[in-house]
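Participant: Sequence:
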Amino acid sequence: MFVSVVIPTYNRKPILEKCLIALENQDPDVVIDGYEVIVVDDGSTDGTPIWLKSQASRYPHVRLVEQEHRGPAQGRNRGVDNSIGEVIVFIDSDLVVTRSFLTSHIKALCRSWKNRGDRLCFTYGAVINTANFQNPTFEPHKLQDLSWAYFATGNVAIDKKVLELSGLFDTGFHLYGWEDLELGERLRQMGVKLVKCPKAVGYHWHPALSLEQIPHLIKVERERAKMGLVFYRKHPTLRVRFIIQFTWLHLFLWEFLTIRGILNERSLRPLLAFLIRNGYAGLAMQLLRIPLNRIGVRELHRQASTNGHF
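For the sequence shown, our numbering gives the first residue as 15, with consecutive numbering after it.
Derived by calculation from the structure, the hints in this document are not laboratory data.
Just so you know, not all the hints are guaranteed correct.
[Unchecked claim] Straight-line distance between alpha carbons at most 25 Å, and here's what the computed DSS-like set of lysine-lysine pairs gives: (1) K121 to K175; (2) K213 to K128; (3) K175 to K27; (4) K248 to K175; (5) K121 to K210; (6) K174 to K121; (7) K128 to K207; (8) K213 to K174.
As the structure is a prediction and not an experimental result, all values here were calculated from the model.
The task is simple: from the sequences and hints, build the whole structure.
Facilitator: Here is the structure:
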């Protein structure tokens with residue numbers, strides 16, 4: 015079986031290097047005849063395409079596809095269109111995988127195909143969040159690493175024909191968020207089942223929180239709100255309302271927890287700075303998530319009111 019790994023990337027050259035090294039060092043197995051790694055550069059401005067071309071001999075499995083900055087949905091679609099594999103594996107460009115990553119996905123898929131009698135399933139690997147850039151795979155598995163997402167493209171594998179039958183990713187999701195979960199809703203409606211694959215482990219690196227990141231994090235929440243409405247327009251169900259937090263319950267919850275906005279990114283700044291300075295950046299991020307959630311939910315309701323989606 016030939017496997018295609020599709021990775022969209024945008025200005026992540028340092029961690030992308032670690033990602034690609036890990037994929038070059040996969041353990042051989044008779045279940046996999048070969049594999050390719052399709053890196054779709056989404057208009058990076060950090061020299062990623064030039065660097066990849068100069069390092070071609072170092073990454074023999076890698077094929078580069080370039081596009082203007084159009085977002086990960088279009089990037090993943092371009093990767094699938096350019097792939098030759100029977101199975102598509104999606105990961106993000108800030109994910110560093112273990113040596114048994116590909117074989118774990120493919121063995122789990124093959125077992126499920128045999129048991130089901132069809133290929134209407136996908137495997138969902140484990141994602142462990144880490145801020146350790148030097149040694150991301152040293153991070154232990156934590157309770158907060160658990161995810162209830164149905165189809166999150168940080169670490170999944172699926173039969174290419176089943177994926178194409180779904181219609182691929184909706185490129186209307188041009189900002190941050192929800193394009194993979196929206197595809198997951200369509201796969202669910204097709205009867206495509208999730209198969210947990212905890213042995214296919216990826217370590218998701220993101221830098222430890224700094225105060226300088228806060229404006230960007232707020233921007234991301236506002237983008238997620240806009241894309242959340244795109245998600246809801248396509249699937250106007252109670253389930254999707256809860257996924258994107260588009261309910262009065264969520265609005266009340268975050269207003270209550272922030273004391274109607276008294277606890278915000280500005281009032282919390284001294285405490286966040288103290289926690290970061292003393293080595294508790296992870297705790298600071300969890301605390302910051304409370305006002306960030308309020309920002310996102312309020313923006314979602316504001317956008318909905320403006321566009322008549324209540």
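Participant: If a hint holds in the structure, say so; if it doesn't, say that too.
Facilitator: These are the hints, each one checked on the structure:
1. The suggested pairing of K121 with K175 holds, with an alpha-carbon distance near 18 Å, which does not exceed 25 Å.
2. Restraint check: the Cα-Cα separation between K213 and K128 comes to about 19 Å, which is no more than 25 Å; the hinted pair holds.
3. Restraint check: the Cα-Cα separation between K175 and K27 comes to about 31 Å, which exceeds 25 Å; the hinted pair is violated.
4. With a C-alpha separation of about 23 Å, the suggested pairing of K248 with K175 holds against the 25 Å cut-off.
5. Simply put, K121 and K210 have alpha-carbon atoms about 12 Å apart, close enough for the 25 Å limit, and the pair holds.
6. Of the supplied pair hints, the one linking K174 and K121 holds, its CA atoms being roughly 16 Å apart against a limit of 25 Å.
7. With a C-alpha separation of about 14 Å, the suggested pairing of K128 with K207 holds against the 25 Å cut-off.
8. Among the hinted pairs, K213 with K174 is consistent with the structure: their alpha-carbon atoms are about 22 Å apart, no more than 25 Å.
The structure does not agree with numbered hint 3 stated previously, though it agrees with all others.
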